[in-house]
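Quick note: the sequence shown uses the numbering used here, first residue 69, plus one each step.
Rather than coming from a laboratory, the hints here were simulated on the basis of the structure. Glycine included, every Cβ here is placed at the ideal spot set by N, Cα and C. Misleading hints may appear alongside valid ones.
Once the Cα atoms are required to be at most 27 Å apart in a straight line, the calculated DSSO-like pairs of lysine-lysine come out as [stated by the list, open to error]: (1) K422 to K403; (2) K399 to K439; (3) K379 to K333; (4) K458 to K390; (5) K458 to K379; (6) K422 to K315; (7) K373 to K460; (8) K315 to K379; (9) K315 to K481; (10) K357 to K460; (11) K204 to K175; (12) K481 to K399; (13) K350 to K458; (14) K379 to K357; (15) K422 to K121.
Simulated DEER-style distance windows between Cβ atoms [as the list claims (entries may be wrong)]: (16) K204 to V469: 37 to 45 Å; (17) L341 to S162: 53 to 61 Å; (18) E385 to E474: 28 to 36 Å; (19) A168 to E478: 36 to 44 Å; (20) E474 to A310: 30 to 38 Å; (21) P172 to N415: 30 to 38 Å; (22) S157 to L115: 26 to 34 Å; (23) H284 to E314: 30 to 38 Å; (24) H284 to A168: 40 to 48 Å; (25) A168 to L366: 55 to 63 Å; (26) K315 to S162: 34 to 42 Å; (27) A436 to D248: 32 to 40 Å; (28) H387 to P172: 48 to 56 Å; (29) P112 to S157: 27 to 35 Å.
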Amino acid sequence: MTKQPTWQIGVFFDGTGNNKYVDYQIDDDQFEPTNIAKLYELYPSNLSHQQLKIYIKGCGTKDVDDLQNLPEQDPNYSRLMMATGFDVSSKVYSALEQIAAVTPEAKSVCIDVFGFSRGATASRFFINKIRELGLKGDCTYWPAECEVRVRFCGLFDTVGSIGLPGDKDNLLMELDLSPDVADYIYHLTASHEYRDNFPLTSILTLPIGNISSNNHCPQPVCEHFVEEALYGSHADIGGGYAIGAEKIYLDVNVERYPPDNQDEKRLAEEQTLALLNHWQQKKHNSNTKIFVEYEEQLTALSLIKLEKVRKAFIVLERHVSKELSFIALEKMLQKALSQGVPFNPLNTHDIECKVPTALRDAYAAAQAGDKLAMQFIEQHYIHHSHQLVKPKGELFNAMAVEQDPEYTTENGKREVFYNTHKTPANINLPPSRLK
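Using the sequences and the hints given, assemble the complete structure.
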């Protein structure tokens, strides 16, 4: 039997909670299509020409393509998967099975893979699994004589946190990458991400003997592993934020006084007002509103009306634009095209991706050291993903800043886990094997 020519396959793993089938069709929620969803639209697919693209929805979303089925999702299932990422592994095997379904007689397969957040985690596990299958001569998904190559792996801000959020365990899922796992890996990371539960899993490595957390010097595993930090928080890189108001809990004052003691009440309110004035002087600009939100607290004394307790939250509200992620989309697209990934031009699809001139100019100026330009970007485009105190009504602060990192990114706050693969000497860019 004559073998088919080379298959060209794009695999796109979306971020936690991201589902393009919903994000493209519902306009009044807080989510928009991510950069993964947009890149998927640009990738060619024509089975008669051995071209296939596969979209894998993010953790916490079921594999249903029809909106009418979405209400059937178990909300507890979705919350569990979004919190733990337990379904990452099943999504990787789903991608492998979809490839196997169309390539039973292929002589070679060329794969491009892209992922955001835990989708980037899935991408790394996916290409490691392809490498493992090749080393073992495993024929589960394609014939033994089929040559499988990962041409390009594009990652947006890899966050593992599989199982317990914030740690490196990842339930033994292999995320470290060796030089022979792909022809080219490009990783865009978020320089304004600080959350404890969102540590970065880098593709950089530490030189042997570099054990100082205060003065560590990460380096690429090889010349075809490229990592670049961009301005913004997690989803400012991978996309998915909708335009709109953002609420940040800056501080809290606990007011406590006897119900009938007006002097004590006035003193507590003055303390709250002083705290409000402090934050207004520190954070106020034309794009912010800073105010107080109250939350009544129940205590043993308050239940018998001997004490009144309420939390006075200092809250900042501001309007944040969504276009910062378009810069990361541009960069990923340009890098992928330079490595031979056959994306269609942006102007052939109705994809929102235009970077405003003011943002583009400010970005270039900020990179050149202009502090006012950086301030403009921070005020209008960078989302504030972390919360400084536990938000009103929450049991705990799930968006708290990391407090005890071993290593941090350049912002000095975000924990980073480095690629622990041992770097062989004299690794060069793999030669192209695609005929």
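Outcome of the hint check:
1. K422 to K403: holds, 18 Å
2. K399 to K439: The hint holds at about 23 Å.
3. K379 to K333: holds, 13 Å
4. K458 to K390: holds, 25 Å
5. K458 to K379: holds, 11 Å
6. K422 to K315: holds, 26 Å
7. K373 to K460: Given that 27 Å is the threshold and the Cα spacing comes to 23 Å, the pair holds.
8. K315 to K379: With Cα atoms ~17 Å apart, K315 and K379 stay inside 27 Å; holds.
9. K315 to K481: holds, 21 Å
10. K357 to K460: Holds. K357 to K460 sits at ~17 Å (cutoff 27 Å).
11. K204 to K175: Cα-Cα ~18 Å, so holds.
12. K481 to K399: holds, 25 Å
13. K350 to K458: holds, 20 Å
14. K379 to K357: It holds: about 19 Å lies between the C-alpha atoms, which stays within 27 Å.
15. K422 to K121: holds, 24 Å
16. K204 to V469: 37 to 45 Å: This hint holds: roughly 42 Å between Cβ atoms.
17. L341 to S162: 53 to 61 Å: Given about 56 Å between the Cβ atoms, the range holds.
18. E385 to E474: 28 to 36 Å: The hinted range 28 to 36 Å holds for E385 and E474, with Cβ atoms some 35 Å apart.
19. A168 to E478: 36 to 44 Å: holds, 41 Å
20. E474 to A310: 30 to 38 Å: holds, 35 Å
21. P172 to N415: 30 to 38 Å: Given a distance of about 37 Å, which is inside 30 to 38 Å, the answer is holds.
22. S157 to L115: 26 to 34 Å: Given a distance of about 27 Å, which is inside 26 to 34 Å, the answer is holds.
23. H284 to E314: 30 to 38 Å: This hint holds: roughly 33 Å between Cβ atoms.
24. H284 to A168: 40 to 48 Å: At roughly 41 Å between Cβ atoms, A168 and H284 fall inside 40 to 48 Å, so the hint holds.
25. A168 to L366: 55 to 63 Å: Hint holds: Cβ distance 58 Å, inside 55 to 63 Å.
26. K315 to S162: 34 to 42 Å: holds, 36 Å
27. A436 to D248: 32 to 40 Å: Check passed, 38 Å falls within 32 to 40 Å.
28. H387 to P172: 48 to 56 Å: holds, 53 Å
29. P112 to S157: 27 to 35 Å: Cβ of P112 to Cβ of S157: about 28 Å, so the range 27 to 35 Å holds.
Hint violations for this structure: none, all hints satisfied.
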